[in-house]
Amino acid sequence: MARKQAVGEMEDEMVAVGDAVRVYELGFHLDPELGAEEVKKAYQAVREVIGTKSTIVAEGEPQTVQLAYTISRQETSGRRDFNSAYFCWIAYETSTDHHTEILAAANADKRVVRFIDLLTTKDAARHAVEIREFVAKAQEHVDEPEATVDVELDAALQNVAV
Numbered sequence: 031m032a033r034k035q036a037v038g039e040m041e042d043e044m045v046a047v048g049d050a051v052r053v054y055e056l057g058f059h060l061d062p063e064l065g066a067e068e069v070k071k072a073y074q075a076v077r078e079v080i081g082t083k084s085t086i087v088a089e090g091e092p093q094t095v096q097l098a099y100t101i102s103r104q105e106t107s108g109r110r111d112f113n114s115a116y117f118c119w120i121a122y123e124t125s126t127d128h129h130t131e132i133l134a135a136a137n138a139d140k141r142v143v144r145f146i147d148l149l150t151t152k153d154a155a156r157h158a159v160e161i162r163e164f165v166a167k168a169q170e171h172v173d174e175p176e177a178t179v180d181v182e183l184d185a186a187l188q189n190v191a192v
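Residues 31 to 192 (our numbering) are what the sequence shown spells out, left to right.
Hints are computed from structural coordinates only; laboratory data are not their basis.
Take the hints with a grain of salt, since some may be wrong.
[Said to hold, decoys possible] Using 27 Å as the maximum straight-line C-alpha spacing, the simulated BS3-like pairs for lysine-lysine come out as follows: (1) K83 - K71; (2) K167 - K83; (3) K70 - K167; (4) K140 - K83; (5) K71 - K140; (6) K152 - K71; (7) K140 - K70.
Work the whole structure out from these sequences, hints included.
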């Protein structure tokens, strides 16, 4: 029963005009062996397909991630195992027909190792962007050189000694 209410609440937030328009999030892993330029091209190709058939709500550009488990894929040259990938995501608002076309395009792109497509809301997608920015700022603070921390510590100790 709770599941039905949650889905109903999500549907209330979605706009319906003619064919049902909904908000989806496509998360996908790109082949880790692609060069930096090819990763950009692959991401832009998926983004372009989505952009021509929908309205993009939010997105997260490719970044390298270690996978929680090995993904194996059978290819014409044999089996390939992936332990890392470039992860990206795009939240978009579209009709059911265009959604099907977007999934077919993602499935046809051999640079996409694996993808997941979720029903979401605009607010949830925008919140994901805020969280990503917050984590990036927190990481910058953690990555500060130790020399800066040592100088601050020395200054604090001098103030205490005085």
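Do the hints match the structure? See the list:
no., hint, in the structure
1, K83 - K71, "holds, 18 Å"
2, K167 - K83, "violated, 33 Å"
3, K70 - K167, "holds, 23 Å"
4, K140 - K83, "holds, 21 Å"
5, K71 - K140, "holds, 13 Å"
6, K152 - K71, "holds, 26 Å"
7, K140 - K70, "holds, 15 Å"
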